[in-house]
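Quick note, the sequence shown lines up with residues 1 to 282 if you use the UniProt record's numbering.
Worth flagging that the hints you see were computed from the coordinates, not collected in a lab.
Be a bit skeptical, because a hint or two may be false.
What the hints assert, rightly or not - Just the calculated beta-carbon pair ranges, DEER-fashion:
#, residue 1, residue 2, range
1, Leu251, Asn3, 42 to 52 Å
2, Lys248, Gln179, 25 to 35 Å
3, Asn13, Pro111, 32 to 42 Å
4, Lys280, Arg241, 14 to 24 Å
5, Pro132, Phe247, 44 to 54 Å
6, Met277, Ser105, 35 to 45 Å
Just so you know, even glycine gets a beta-carbon here, dropped at the ideal spot from N, CA and C.
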Amino acid sequence: MYNAIYAGIVTYNPDIENLKKNIEGIAGQVPIVIIVDNGSENVGAIKNYIKEINNVVMICFGTNKGIAAALNRLMQYGRDSGFQWMLSLDQDSVCPEDYCKNALSILNILPDIGIVGPVIHDRKVGIVGHNPKGEYGIVNTCITSGAFVKISVWEKAGKYDEKMFIDSVDFEFCYRVRQAGYLVIQSRKLSLDHSIGKGKIVSVGPFKKKIKEHSAFRCFYIARNNIYYPRKHKLLLYYVRGNYRNFKNILEILFFEKNKLDKICSIFNGWKQGLFMNIKDE
1 MYNAIYAGIV TYNPDIENLK KNIEGIAGQV PIVIIVDNGS ENVGAIKNYI KEINNVVMIC
61 FGTNKGIAAA LNRLMQYGRD SGFQWMLSLD QDSVCPEDYC KNALSILNIL PDIGIVGPVI
121 HDRKVGIVGH NPKGEYGIVN TCITSGAFVK ISVWEKAGKY DEKMFIDSVD FEFCYRVRQA
181 GYLVIQSRKL SLDHSIGKGK IVSVGPFKKK IKEHSAFRCF YIARNNIYYP RKHKLLLYYV
241 RGNYRNFKNI LEILFFEKNK LDKICSIFNG WKQGLFMNIK DE
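Given the sequences, and given the hints that come with them, work out the whole structure.
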């Protein structure tokens, strides 16, 4: 057991078998696993499963308050309980048995570390995002799942932005962590199996392309937050990139995905909201 670390899982209508694998993989590595449920329809099945596991505690919101609110509630638990780090996990992530042991050798390898993230292996499309050449690399961002977040840094950086609801919540938070003077690093010692959307690989002539296939619901928030958080922090290049990504996502949906109309309408609606929504903290 590693008493400085606890695990936090956010659930929303999870596949129960995948959630079981998740909990079975991490429950023996940490003193306690906290689940925050965002109003799942199958919340009864989750409660049924965890009732026999001594170190799993569940907090139920009763409605979907979004990933940011759930993460803040998980971090609040750790702060109030005296932990130093939270390992955040999505509901379908699976940690290897030595995950926390490997993390201990990297959490304090440099001063002022705020977040330590893993190399992400998507089950359908392979390695996603950064893959440092050495033992670790200093990066601008990492995704929430599989990342160790220092609780004191979470407070100093200003917590997760609940206005964002879902999508890019982790990237916006990483930006504020770096602005507060802390490092975001990624370690090759940490490797996590994780599913990002309903990914598939398609052929474009002689080339292979990764397509993520998000739902229309997710498409709205991806498009909105691609614009919102660069506006919030006055990041011109990120703002240009966000507009480009929204346009690119529309083209990919047109050529490679189903449910085209719903997804494209969601992107336009999210894009519009991102351009005009209030960027001031409430």
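Original post:
Are proline 132 and phenylalanine 247 spaced within 44 to 54 Å by their CB atoms?
Top reply: Given about 30 Å between the Cβ atoms, the range is violated.
Subject >> Consistency of beta-carbon spacing, arginine 241 to lysine 280, with hint 14 to 24 Å >> reply: For arginine 241 against lysine 280, whose Cβ atoms are near 23 Å apart, the range 14 to 24 Å holds.
**OP:** Could you check the hint for me, namely that leucine 251 and asparagine 3 are 42 to 52 Å apart, CB to CB?
**Re:** Between leucine 251 and asparagine 3, where Cβ atoms are some 50 Å apart, the hint holds.
**OP:** Kindly confirm whether 35 to 45 Å is satisfied by the beta carbon distance between methionine 277 and serine 105.
**Re:** 42 Å, holds
Original post:
Lying within 32 to 42 Å: is that true of the beta-carbon distance asparagine 13 to proline 111?
Top reply: For asparagine 13 and proline 111 the Cβ distance comes to about 41 Å; the hint holds.
**OP:** Starting from the range 25 to 35 Å, see whether the pair lysine 248 and glutamine 179 falls in it by beta-carbon distance.
**Re:** 27 Å, holds
Of the hints listed earlier, the one the structure fails to meet is number 5.
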